[in-house]
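Per our numbering, residue 1 is the first one in the sequence shown, and the count goes up by one each step.
No lab work stands behind these hints, which were simulated from the structure alone. One or more hints might be untrue.
Taking lysine to any residue pairs in the SDA-like style, the calculated list, with each CA pair at most 25 Å apart, reads [as the list claims (entries may be wrong)]:
(1) K92 - I182
(2) K92 - A200
(3) K92 - T169
(4) K92 - S34
(5) K92 - T179
(6) K92 - H194
(7) K92 - D184
(8) K92 - I171
(9) K96 - D184
(10) K92 - P201
(11) K96 - T143
(12) K92 - V32
(13) K96 - V173
(14) K92 - H181
(15) K96 - I182
(16) K96 - L107
(17) K96 - H181
(18) K92 - T175
(19) K92 - R27
(20) K92 - I177
Taking CB as the label site, the calculated pair distances span [as the list claims (entries may be wrong)]:
(21) S25 - T113: 49 to 57 Å
(22) Y146 - S34: 35 to 43 Å
(23) F36 - A161: 42 to 50 Å
(24) V16 - V99: 39 to 47 Å
(25) L102 - V16: 41 to 49 Å
(26) V99 - S25: 32 to 40 Å
(27) L33 - T179: 24 to 32 Å
(28) L166 - G121: 21 to 29 Å
(29) V99 - L10: 35 to 43 Å
(30) I183 - V16: 36 to 44 Å
From the three backbone atoms N, C-alpha and C, an ideal C-beta is built for every residue, glycine too.
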Amino acid sequence: MVLEILEYLLTFFFTVEYIARVYCSPRPRDYVLSFFGVIDLLSTLPPYLSFFLPNARYMILLRSFRFIRIFRIFKLFSFINEGYLLMHSLQKSLTKISVYFLFVLILVTCLGTLMFMVESGQPGTQFTDLATSVYWAIVTMTTVGYGDITPVTAIGRLLSAFVMLLGYTIIAVPTGIVTAHIIDETKEKPKDGHCPRCDAPVRDEDHYCSHCGEKL
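Start from the sequences, fold in the hints, and give me the full structure.
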């Protein structure tokens, strides 16, 4: 009972905050459709949905909506300078990381196929099909190494060692991409009287942005 009252009370405050943000925003539509705007809305909806879906057959569905509340945690990033920097850098790195992910997907498919060609047909082999071989390539390249699938031939073990060493170099690439964007973000200077990070208006005599706290 106490937890239910607390839930409704917190929902009320979140609702008031969301309405106030929409009302005070100079561009309400942009806020509503923004990342944090969607999170604000999703974190507030579940309690209201329970009023419109009271039937017992919908209770399982309502319970699945409860995980949306965890999205409230992401709002903290908008108040932390380093969190804002990380989110902005990840956003700028998304295209490069997506291309890199596609390259890795193609690579593990090729390596898995090659291992299947080497190991298939051998006595006691665990590489019984192509899907299993690709799974092995993913586990090995990411250096997870479950050990549930292992090669039995000398050539297969040599290929396995190569994939392990290759995994160390590949894992570091996304980190380097994001790090490069973080460095670029910290070196940016105010442009046309606006903060280089959040684009809020700043004055020439300001040393920090009054909106996100970025050092100018």
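Taking the hints in turn, this is what the structure says about them:
no.: 1; hint: K92 - I182; verdict: 10 Å, holds
no.: 2; hint: K92 - A200; verdict: 18 Å, holds
no.: 3; hint: K92 - T169; verdict: 22 Å, holds
no.: 4; hint: K92 - S34; verdict: 16 Å, holds
no.: 5; hint: K92 - T179; verdict: 11 Å, holds
no.: 6; hint: K92 - H194; verdict: 19 Å, holds
no.: 7; hint: K92 - D184; verdict: 11 Å, holds
no.: 8; hint: K92 - I171; verdict: 19 Å, holds
no.: 9; hint: K96 - D184; verdict: 15 Å, holds
no.: 10; hint: K92 - P201; verdict: 21 Å, holds
no.: 11; hint: K96 - T143; verdict: 22 Å, holds
no.: 12; hint: K92 - V32; verdict: 21 Å, holds
no.: 13; hint: K96 - V173; verdict: 10 Å, holds
no.: 14; hint: K92 - H181; verdict: 7 Å, holds
no.: 15; hint: K96 - I182; verdict: 14 Å, holds
no.: 16; hint: K96 - L107; verdict: 16 Å, holds
no.: 17; hint: K96 - H181; verdict: 11 Å, holds
no.: 18; hint: K92 - T175; verdict: 13 Å, holds
no.: 19; hint: K92 - R27; verdict: 23 Å, holds
no.: 20; hint: K92 - I177; verdict: 10 Å, holds
no.: 21; hint: S25 - T113: 49 to 57 Å; verdict: 52 Å, holds
no.: 22; hint: Y146 - S34: 35 to 43 Å; verdict: 40 Å, holds
no.: 23; hint: F36 - A161: 42 to 50 Å; verdict: 46 Å, holds
no.: 24; hint: V16 - V99: 39 to 47 Å; verdict: 43 Å, holds
no.: 25; hint: L102 - V16: 41 to 49 Å; verdict: 44 Å, holds
no.: 26; hint: V99 - S25: 32 to 40 Å; verdict: 34 Å, holds
no.: 27; hint: L33 - T179: 24 to 32 Å; verdict: 30 Å, holds
no.: 28; hint: L166 - G121: 21 to 29 Å; verdict: 25 Å, holds
no.: 29; hint: V99 - L10: 35 to 43 Å; verdict: 41 Å, holds
no.: 30; hint: I183 - V16: 36 to 44 Å; verdict: 40 Å, holds
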